[in-house]
Structures are given as structure tokens and as C-alpha cells.
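**Student:** So you can see what is in the structure, the chains are spelled out below.
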Amino acid sequence: AQSVTQLDSQVPVFEEAPVELRCNYSSSVSVYLFWYVQYPNQGLQLLLKYLSGSTLVKGINGFEAEFNKSQTSFHLRKPSVHISDTAEYFCAVSRGGYQKVTFGIGTKLQVIP
Amino acid sequence: DAGVTQSPTHLIKTRGQQVTLRCSPKSGHDTVSWYQQALGQGPQFIFQYYEEEERQRGNFPDRFSGHQFPNYSSELNVNALLLGDSALYLCASSLGTGGEPQHFGDGTRLSIL
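Heads up: the protein sequence lines correspond to chains A and B, in order. Residues in the first sequence are numbered consecutively from -4, following the working numbering. Residues in the second sequence are numbered consecutively from 448, following the working numbering.
Don't read these hints as lab results, they were simulated from the structure. Since the model is a prediction, treat every value here as computed from it, not as a measurement. Heads up, some of the hints might be wrong.
[Claimed, not checked] If you anchor each label on the Cβ, the simulated ranges turn out as follows:
(1) B:Leu529 <-> A:Ile100: 17 to 23 angstroms
(2) A:Phe9 <-> B:Phe507: 38 to 44 angstroms
(3) B:Arg556 <-> A:Ile78: 22 to 28 angstroms
[Stated by the list, open to error] Listing some non-contacts, in silico: residues in chain A with all C-beta distances to chain B over 12 angstroms:
(4) Thr50
(5) Lys53
(6) Gly57
(7) Arg72
(8) His77
(9) Gln94
(10) Thr97
[Stated by the list, open to error] With a straight-line Cα cutoff of 35 angstroms, these simulated DSBU-like cross-link-like pairs (lysine-lysine) come out:
(11) A:Lys53 <-> B:Lys460
(12) B:Lys473 <-> B:Lys460
(13) A:Lys103 <-> A:Lys53
(14) A:Lys103 <-> A:Lys64
(15) B:Lys460 <-> A:Lys103
(16) A:Lys53 <-> A:Lys64
(17) A:Lys53 <-> B:Lys473
(18) B:Lys473 <-> A:Lys64
(19) A:Lys44 <-> A:Lys103
(20) A:Lys64 <-> A:Lys44
(21) B:Lys473 <-> A:Lys103
No residue lacks a Cβ here, since even glycine has one placed at the ideal position from N, Cα and C.
Build out the structure end to end from the sequences listed, making use of the hints.
**Tutor:** Encoded structure:
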């Protein structure tokens, strides 16, 4: 079985400040990791993915994440947030292929002007 | 390039009724997965269809059923609706191999009165 823990349900941060959204996963086998963003009344948009290779993954909108196998973490970071980054962010894990994707409960990022 | 499209966008039903939700996958994708996202929660995997067969199923009762058509589009059917079925239902499509991430539609908001 696989699971995802997002450690913060809400993260308030001032505009232009850096932010880190934390994600830990549990799996008995190698996994693929994803971060998705959900804006109000919309579906999920893929921010970035880790399938293999370099542990530092760069995504869209200036976000990046680092895969740490020893700590089973995949934290999402952005050096300077914008008001438009206000949304809910979901960390997700899959064993790849046709395996289902398991999501965390989400972290609401609130960017304060 | 059309992404994943879902219909309808909103639906209101009463307890005991039946509902059918529809999904057209992103062009080139052959695998469709359905998720239920209750308010304040992450998406929960319902089932996945590939080559018109249910390939994997999450922890949902038999009241939830689906179908995939030869053109890869899919339907989600829910019978004997309960108040607890109120949620955003998301469809995601992908290629059936490797760790290709899923692409999500904007969902159908189902409200049960």
C-alpha cells in the first residue's frame, strides 16, 4: 500500500517571500511522485513530476521539488510567491504504469499582499 | 489540442436516484481514471478503465460502476445516491504505460439533496 502525508493543511505567506510545502510518502516499492495545483472550481493541473534521474525537479510557474529517498520526502518550493499562487496543492504518489494515483489531503497556500 | 472534458459541470440529484457522468480523454490518451473529491479532501481513486475493461478499483461500493467506449471516452454511473455521494467527480486520462502523469478535467460537481 502507498500513502501520502501533507504536513500542513494551510500555509499563509507574504507575497515575494519563499515558501515550502511539505510532503512525505510511504511505499514498499519505488514510486513516481507528483505535485498538482487546484484553483477554485477547477480540476487539477500538474506542476511537476519525479519519475527517475535528478532528484531536483523543476516545474511550471517557478516551482521546484526535491526527491529525498532516505527521508521519503518530496517537498515543494518556490523562492518568491505571487498572489496568483494562491490555490490548493496536492502531493501524489504512484507506482507507475497503470497503477492508481494516491493523493494527500492538500495544502492551501494563501499568499498575503 | 483538447484536454480532458467532462460533462455536465454541475448536477443536482435527490437521494435514491441514479446519475451518469461523462468524460472525454485528452487526445492520444487511452486510459481513463475516475476520482471522487469530497469537500476539503484530496481526490480518492474510484476505478480505472483501459481497453474497455476495468483495470483497477479503489475502495468504493458496487453502486459505482463505469464504462469505456471504443473511442476511449468513459462514463461513471452511481446508483441509489446517498447524501455522502455529494462531491466533485474528476476524470483523468493518461497513456497506459510508464509513469506518464494523469491529466485532469475540471470535474462534475454533484450535489445530493
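**Student:** Please go over all the hints and tell whether each is borne out by the structure.
**Tutor:** Outcome of the hint check:
no.	hint	result
1	B:Leu529 <-> A:Ile100: 17 to 23 angstroms	22 angstroms, holds
2	A:Phe9 <-> B:Phe507: 38 to 44 angstroms	41 angstroms, holds
3	B:Arg556 <-> A:Ile78: 22 to 28 angstroms	26 angstroms, holds
4	Thr50	15 angstroms, holds
5	Lys53	15 angstroms, holds
6	Gly57	19 angstroms, holds
7	Arg72	19 angstroms, holds
8	His77	23 angstroms, holds
9	Gln94	7 angstroms, violated
10	Thr97	7 angstroms, violated
11	A:Lys53 <-> B:Lys460	42 angstroms, violated
12	B:Lys473 <-> B:Lys460	28 angstroms, holds
13	A:Lys103 <-> A:Lys53	21 angstroms, holds
14	A:Lys103 <-> A:Lys64	25 angstroms, holds
15	B:Lys460 <-> A:Lys103	29 angstroms, holds
16	A:Lys53 <-> A:Lys64	17 angstroms, holds
17	A:Lys53 <-> B:Lys473	24 angstroms, holds
18	B:Lys473 <-> A:Lys64	32 angstroms, holds
19	A:Lys44 <-> A:Lys103	20 angstroms, holds
20	A:Lys64 <-> A:Lys44	15 angstroms, holds
21	B:Lys473 <-> A:Lys103	28 angstroms, holds
Taken one by one, the earlier hints fail for this structure at numbers 9, 10, 11, listed in ascending order.
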